[in-house]
Structures are given as C-alpha cells and as structure tokens.
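**Student:** What follows is each chain in one-letter form.
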Amino acid sequence: MKHHLRYSYLFASAAVAVIMASTPVDARVDGDTITLGSAISFSGKYSTNGVHASNGYNLAVKMINAAGGVMVGGKSYKLKIKYYDDESTPLRTAQLGERLIKQDKIQFLLGPYSSATTKAMAPITEKYNIPMVEAEGAARSLFTQGYKNLFAVLSTSEQYLAPVIDVAAAIAKKAGKDPSKIKVAMAFENDPFSLDVRAGVVTAAKKYGMNIVIDDKLPRDLSDMSSTLTKVRALKPDVLVVSGHSKGAATAARQIKELKINVPMIAMTHCEAAKVIKKFGASTNGFLCPTQWGETLSYKDKLFGSAAEYDKLFKSTYDGYKNVPYQAAQASAAVMVWKAAFEKANSFNVDKVRAALASTDMKTFYGAIKFSKAGNNIAKPMVLRQIQNGNLKIVAPLKWASDSVQHPRMVGK
Amino acid sequence: MDNISLLVQTAPVLNFQLLLDGLLIGAIFALAGYGLALVWGVMNVKNLAQGDFVMMGGYIAWFMTSFGIHPFVGLPIAIVLMFGFGWAMYLLIIRHVIGRDLFTSLLATFGLALVIQQLLNLAFGPEVQVVESGFKIRSALDGMLTVADIKLVALLLAAVLAIMIVLFMKRSRMGQAIRATAQDPRAARVMGIDTENVYAFTYALNAAICGAAGVLISMIWVIQPFFGISYSIRAFVIVTAAGLGNLPGVILAGLGLGVVEQYGGFILGAELQQFTVLAMLLLVLIWRQLEQKRHRQALQ
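Chains as they are written, first to last, in my numbering: chain A, 1 to 413; chain B, 414 to 713.
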C-alpha cells in the first residue's frame, strides 16, 4: 500500500511537471502584453550595477505603460519584462538565454549587465535569430563578430578616454604648442574592456603624433600601482590616463594623492563608481571622468522629458539614489528603442521588428540612437566630466558642455 | 630596459622611493607570514584562507569607520573579533583536519577561503573599499620622495605587534605550551598540555594577526572581497623562504618581498608585480631543493 502511495505521488508530480513544461509560461505577445526577457545580475559581483540596470528597465516599462503602451496595428499593448538572475556568471547568462527563448518562448530580449555576460548571450540570440537590445555591454569585440541580432544603445569602450587626447591636443594648440610634443602616460588593466579603452587612446594619440612614455598594464587584482606612479613622477608626462574599473580608479586616486602626482591632466574611467571624490577629496580635483550620460546634458524626449527630468523621476521612484547611474539611464533608453521598433514595424513578426530596430534613428533623454551595421550606437558621443571643486562638470563634447576644462588641474590640499 | 636606465641614470632618487615603499609594505606582509608560520609549524596546517583573514580584518576596520570609529580604535576590536572567529573556525573545521594528510587541510582551508570571500561579497558588495587614516603625507627632495605617515605608523604597529608576539611566545605559559606542542605534540600531551586547546589558540592567534595586518592594509592599499588570495600567496612565499619557527627570517623575507615587488612592478610593469612574487617562490623552492641535496650528500 505504502509503495502504491509513493508511486502515485511520483506519477502525479511527474504529470504536473509535464503539464507545466508544455504550457508556455510566457508567450512573446499574450493578449495585450508584450513580454521582453532579460537574464541580468541580481547577485554576484555585478549585482550592484545589475540592479541599477533593471531599475532603469522597470522605470521605462512603467512610464511607457502609463503613457498608453505600445501601439501596434491600432491596438495598445502593455510591456512586461521576465527576469532571471544570471549570478554574474557568463555561463549562467547563456543557459538562461536558452531558457528564455526555448522554454519561455520569448522573442524580444533586453541585454544582461556587463560586456562579459553580453558576450555570452549574443551567440545564443544569434543561434535562435532573436533580436536583443542591450544597454550594458560596451566591449568593442561585441561588434566585430557580425552579429545580426545585437543592438547596443551605449557608446563602445574604445571611445571612453579617446576624447581626453582630443582635449589635450586642443589645449596645446590653443597655447600655440605642437600637440605632437605631448607626453602621454597610460596604465590599463589587462582585461577586454580596458584594452579597448587603451586601443582608443593609442589611436587618438597616434593621430596627433603624441609620445607615449609609459604604457603599463595593471593586474586584475590590483591593489598597488605605486611603481607605475613613481615612473610617472620621473618622466613628467602631460597626460595620465588610467582604466581598471572601480578598483583601478580607487587605487589610482589613493596613490596619486599619496605620491603627490601633479600631472596637469589626469583621466580615468569609473571615477564615480569608485566614489573617488568622497574618498579622496580635493586631491581628485581636475580628474577627467568619461561617462555615457549625465543629468545636466541637454538631451530630451517626449516620454521622460529632459535628462534632468529623468534624473528627478528616477530618484523619486527608487529610494537610496543620490546620483542616477548612467547604467540605469541607458537601460531605460533600451526599452524605449523596443517600443519605437514595435511601432515602426507595426507588427510582432521578428524579422520585421529586427528590420525596424536596424533602422532606428531617434532622440532620447539619453542621447541620440542610431545603429551601425554592426549594431553599436553611432549617434551618441561619450561625455567627459571634470571634477571641479568636488563636483562633476561636463566639459566635453563642447556642444553639450556646461563648463570649460580647468587646465592644468588645480590640485587642492 | 628603459625603466632600468631611469633608475640608474635619470632619477636615482627613485630607488629610495621604491625601497621605502617596499620596506614599509613588506612589514605588513611579514605579519601575515608569521601567522602562517605559526599555524604551519605548530599544527602542520597550510592555511589557504590566510589572505581572506587579512581581508576580513580590513572590512572590520572599514565597517567601523562608517560609524565614525577611527581605524586605530578599530584595530584592537578587529584583533579580538578575528581571534574569536579563528577559534570558532578551529572548532568547526580545522579540528577535524589536523593530523590528516596534506590535501585534506589544503582543501578544507581553500573551502573556508571561498566561503569567506563570498560572505564578504554578500555583506559588503564587490566594490573596492579604502579606509582613510587622515594622516599627512610628507614629501622631500623637491617632491621626488613622498612618504605617507600612515605607512610609518603601520610599520611601527607591525613592529610592536611582532615584539608582543615574541614576548608572548617566550614568556607566557600558553606561548611555552605552543612551542612545546610544535616540537612534539605527543610529548607535550604526556606532560599535561591540553594540545587541543593549544591548537585552537594558535589558529585563533593567527587569525588575529592577519586581522591586524588587514586593518593596516585597508589604510594603505585597497580591500576587496576577492583580493585575499594575493596575500595568501605572499604569506606562503615568505614562510617557504624563511622556514618555520624563524621569526627574524620571516621579517627579513617579508621586507625583502616588499622591495622585490616594488622593483618588479617598476621594471617589468605593474602587471608583473604579482609575477615577481611567484618567481620568487619558484627560486626559493629551487634553492631549497639544492640545499637539501647538499645535506643528503653530507649524510652519505
């Protein structure tokens, strides 16, 4: 009898499992709801930014739905996002990508957070020919594989610090000096992102014939770069550029302060993420920090209004934000791209929607969006901000700049 | 090559900077190294979680600064907390691997290291953190030489801690018991020493020493949940070079490692700074091997 009972339990649970598996939990368009899918990092090392990005996605969904949803074929559809936690591991992202597409039957994807996880996801979307709009993977190598289903709203990583070289050259020219006399010191982490950033800087420096006097690679687990900075002190370069994620920025800022490095122009990625202003105060004055987006830019759209209005809305929607991270802003922009593409295609046919995505040409609070053949956004420049008296002020590109560059940087005590 | 000529011709004064930086940071490495020598020598446990204890100490200091507690006040608190943590880990894990073969203790402590990393990551997030000591930075020779006061203070504190440990090992009953157990656990037990207690104390003491090193590191470099491994490696290099139960050797090896790292970073680039540590380990092992061969020949 006991045996029978156990078998019947087994049978029942197996039957339930079969039924569960055979009914699609989420179809791509179910009634009046369009479901987008994303495997993003809610835990693990990317979790902080993963949450920022998902907040950005959610805010845009909320705003679009409140403003009447997506109009296709004269009918209004609501947007919804199905999330999975990829635990910050690319392997998991790829598995969840398969799951979203095959099990959940989702046909429109939003990207994960980080270049590494996006790199894992892109081949999956390519395999099933499902388009993905991503907002958080900037590595150059994402756009050299000939992917047809990858659309990225952000600027690629080789553009992060290249504008610094342009600014340095412009300043030299203005002072009647030859830009080719400029000495550049570089310290880049040996990871795909920073090497992209490095490639952009090297190309720009070559363009002006500048002299690269230091070209150091930083390790992944960087906690000391004083030997590189000691070299900087000896060679007295005109420009120092550093890229190594938050740890690079934190280590560089700490040791630039400690070794009293007085290079007239210092630029680094991730100043904000590393909170260098708060941690190292006036010693960070004059640092140039690239960003994808800033709330003081004069970009605008109909949904969110200006960049400043987005900033306000975001802060009032989510608790605990003193500054709105650009990771959130670009995530919102990605959802806007989906809406525009559905409406332009006026259909949910994947091929038609993909074609509409490819021909995207729109202005948003996050900047203009227009995709190249490779899928990267070619309409939005990278923005440079400078730390001036403890505040980040936009100094380049000139068209949207709110302040002018302080050069040489004023080093506080 | 350019970098070498920079040191020799252009700016010889930089040698002072590298030496100074190396010696000051090396003192902290020596602390973690001594802790490992203790555990290794007394318990024959190769503690792979050494660096993660260092990170824990750093995070304790960092956590307390967020309540406005200065890291120097945090230092004794970190020592006490880490001592307690070390004791608990002994009872929970290490107790069961003493006397087992090499791999059991390596695996167990490696597992412990992973758990600590992930817990730190969950609790404090993956961002790099720094602790500000608020000390001044001195410069000399027209700004070509700078020394942060915190590094000098850290050197002093490391020295004080080392002296305290030496006195403790020489004078106190527990210190004598630890040394006796290290020499011969069975004999120590026969003489009435509670070796179980000695082991627990030793492991806890090591955690406390690492915690202190972590507090100092957090004020000089940066801390991150996954940065512990590099300190574990350094500790292993130091102990391998110095041998067990050789405190002057540990200190010398620690200082030397600090200097070699700075020169390695300067000449080969920051990326290979860690590589120089591993290269040192390799050289030390080869040298030890040769030395042993000589001994064997002498015996024959």
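Just so you know, the hints here were simulated from the structure itself, not pulled from any lab data.
The reader is advised that the hints may include incorrect statements.
Stated by the list, open to error - Here are the simulated DSSO-like cross-link-like pairs (lysine-lysine), alpha carbons at most 30 Å apart as the crow flies:
#1 A:K62 <-> A:K370
#2 B:K549 <-> A:K278
#3 A:K393 <-> B:K459
#4 B:K459 <-> A:K260
#5 A:K236 <-> A:K302
#6 A:K75 <-> A:K302
#7 A:K45 <-> A:K236
#8 A:K312 <-> A:K275
#9 B:K549 <-> A:K275
#10 A:K278 <-> A:K105
#11 B:K459 <-> A:K279
#12 A:K315 <-> A:K373
#13 A:K236 <-> B:K549
#14 A:K45 <-> B:K549
#15 A:K393 <-> A:K312
#16 A:K102 <-> A:K45
#17 A:K260 <-> A:K312
#18 A:K148 <-> A:K393
#19 A:K127 <-> A:K45
#20 A:K217 <-> A:K206
#21 A:K62 <-> A:K300
As the list claims (entries may be wrong) - Chain A is faced by these chain B residues, among others (derived, beta-carbon under 7 Å):
#22 L427
#23 V541
#24 V543
#25 I550
#26 S552
#27 L554
#28 T559
#29 D562
#30 V673
#31 Q675
Claimed, not checked - Label-pair ranges, simulated between beta-carbon atoms:
#32 B:Q702 <-> A:R220: 27 to 37 Å
#33 A:K183 <-> B:I417: 16 to 26 Å
#34 A:K363 <-> B:F537: 34 to 44 Å
Glycine is no exception: its CB is placed at the ideal position from the N, C-alpha and C atoms.
**Student:** Given V673 (chain B) as an interface hint, is its Cβ closer than 7 Å to any Cβ of chain A?
**Tutor:** Hint violated; V673 (chain B) Cβ to chain A Cβ min 11 Å, cut 7 Å.
**Student:** For the pair supplied as a hint, K102 (chain A) and K45 (chain A), confirm whether the alpha-carbon distance does not exceed 30 Å.
**Tutor:** Given that 30 Å is the threshold and the Cα spacing comes to 27 Å, the pair holds.
**Student:** So, I550 (chain B) near chain A? Judge it on the closest CB pair being under 7 Å.
**Tutor:** 6 Å, holds
**Student:** K459 (chain B) and K260 (chain A) were given as a pair; does the straight-line alpha-carbon distance stay at or below 30 Å?
**Tutor:** Not OK: K459 (chain B) and K260 (chain A) at ~40 Å, beyond 30 Å, violated.
**Student:** Would you check whether V543 (chain B) satisfies its interface hint, that is, whether its CB is within less than 7 Å of any CB in chain A?
**Tutor:** 6 Å, holds
**Student:** Decide if the proposed pair is consistent with the structure: K393 (chain A) and K312 (chain A), CA atoms, cutoff 30 Å inclusive.
**Tutor:** 18 Å, holds
**Student:** Has the given pair, K312 (chain A) with K275 (chain A), been kept, meaning a C-alpha gap of at most 30 Å?
**Tutor:** 21 Å, holds
**Student:** Measuring from beta carbon to beta carbon, are Q702 (chain B) and R220 (chain A) in 27 to 37 Å?
**Tutor:** The hinted range 27 to 37 Å holds for Q702 (chain B) and R220 (chain A), with Cβ atoms some 31 Å apart.
**Student:** With a cut-off of 30 Å on the C-alpha distance, tell me whether K549 (chain B) and K278 (chain A) pass.
**Tutor:** 18 Å, holds
**Student:** Given the proposed pairing of K236 (chain A) with K549 (chain B), does the C-alpha separation stay at or below 30 Å?
**Tutor:** 24 Å, holds
**Student:** Between K75 (chain A) and K302 (chain A), does the CA-CA distance stay at or below 30 Å?
**Tutor:** Status holds; Cα separation ~20 Å.
**Student:** Holds or violated: are the alpha carbons of K236 (chain A) and K302 (chain A) at most 30 Å from each other?
**Tutor:** Violated, because 49 Å separates the two Cα atoms, which is more than 30 Å.
Consistency with the previously given hints fails for numbers 3, 4, 5, 7, 10, 11, 12, 14, 17, 18, 27, 29 and 30, ordered from lowest to highest.
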